[in-house]
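Q: Line by line, the protein sequences are chains F and H. All residue numbers for the first sequence refer to our numbering, where the first residue is 16 and numbers rise by one. All residue numbers for the second sequence refer to our numbering, where the first residue is 860 and numbers rise by one.
No wet-lab data here; the hints were simulated from the structure. None of the values given here were measured: they were computed from a predicted structure. Glycine residues also receive a C-beta, built at the ideal position from the N, C-alpha and C atoms. Don't take each hint at face value.
[What the hints assert, rightly or not] One side of the interface only, derived from the structure: several residues of chain F facing chain H at Cβ under 8 angstroms: (1) Gly-55; (2) Leu-56; (3) Gln-60; (4) Tyr-63; (5) Gly-73; (6) Phe-105; (7) Val-115; (8) Glu-117; (9) Gln-118; (10) Phe-120; (11) Gly-121; (12) Pro-122; (13) Gly-123.
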Amino acid sequence: EAQVTQNPRYLITVTGKKLTVTCSQNMNHEYMSWYRQDPGLGLRQIYYSMNVEVTDKGDVPEGYKVSRKEKRNFPLILESPSPNQTSLYFCASRERRTGVDEQYFGPGTRLTVT
Amino acid sequence: SQKIEQNSEALNIQEGKTATLTCNYTNYSPAYLQWYRQDPGRGPVFLLLIRENEKEKRKERLKVTFDTTLKQSLFHITASQPADSATYLCALAGGGANNLFFGTGTRLTVIP
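Let's have the full structure, built from the sequences with the hints guiding it.
A: Take a look at the structure:
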């Protein structure tokens, strides 16, 4: 089954404790990205990757890091989480770079930073 | 920067009626416009894509229009059902651009 998986689905952590949210897709997609979703603000892109070893900032990259060492995986790293990073996070992938392709989203990771 | 507005946060309609959702944008000339459905606690799911040179696209009970002069897309669900209740998101992408920009969504409730 074609899918994007994320782990963990729920995470409660404390300020400053480094964490990683994993993302994996099994569709051999070139393009992957991370979004956060907040009430009233919609989906905002954090980082994206057009292919292995190619990553770039989205609209709200501060406080986040990513890496793309393999085509299927695109982890999101919070080196020193803060309460304003409490949000619902989605990983997404699509076949190619252009906006003509549909995006497949993961199930989401709800992060709470206290 | 680009701005994407979806007509209202919430829309309630009676079962069997046609739901019409609006997506307006400014400061942008998208080549593609996509619509997604999102259920509570889940990731968005792709529904339809329409290109800038297409006026209308249909898929089963769904219809999307794209007016680049008005900078607006309309999303229609005909013969609506309670199972159509969800949040609907529009997303825009430029021709050579990599990124999709999302609206904040409209939460549709279909009342039996």
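Q: Does the closest beta carbon of chain H sit nearer than 8 angstroms to the beta carbon of Glu-117 of chain F?
A: holds, 4 angstroms
Q: How about Gly-55 of chain F: closest beta carbon in chain H under 8 angstroms, or not?
A: Where the cut-off is 8 angstroms and the nearest Cβ of chain H is about 7 angstroms from Gly-55 of chain F, the hint holds.
Q: So, as I understand it, the hint says Pro-122 of chain F touches chain H; can you test that by seeing if any CB pair is closer than 8 angstroms?
A: For Pro-122 of chain F, the interface hint holds, since the closest Cβ of chain H sits about 6 angstroms away, which is under 8 angstroms.
Q: Quick check on Gln-60 of chain F please, does its C-beta sit within 8 angstroms of some C-beta on chain H?
A: With Cβ-Cβ at 6 angstroms, under 8 angstroms, it holds.
Q: Against chain H, with CB atoms and a cut of 8 angstroms, does the hint on Gly-73 of chain F hold up?
A: holds, 7 angstroms
Q: Would the hint on Val-115 of chain F stand, with a C-beta cut-off of 8 angstroms toward chain H?
A: Holds. Min distance 5 angstroms.
Q: Should the hint that Gly-121 of chain F touches chain H count as held when the rule is a Cβ pair under 8 angstroms?
A: holds, 6 angstroms
Q: Minimum Cβ distance from Gln-118 of chain F to chain H below 8 angstroms?
A: holds, 6 angstroms
Q: Checking hints one by one. Is Phe-105 of chain F an interface residue toward chain H, by the C-beta closer than 8 angstroms rule?
A: holds, 5 angstroms
Q: Can you verify the interface hint for Gly-123 of chain F: is its Cβ closer than 8 angstroms to any Cβ in chain H?
A: Holds: closest Cβ of chain H sits about 6 angstroms from Gly-123 of chain F, inside 8 angstroms.
Q: Tell me if the interface restraint on Phe-120 of chain F is satisfied: Cβ within less than 8 angstroms of some Cβ in chain H.
A: Status holds, d = 3 angstroms.
Q: Closer than 8 angstroms between Cβ atoms is the bar; does Leu-56 of chain F clear it against chain H? Give me holds or violated.
A: holds, 7 angstroms
Consistency note: the structure conflicts with none of the earlier hints.
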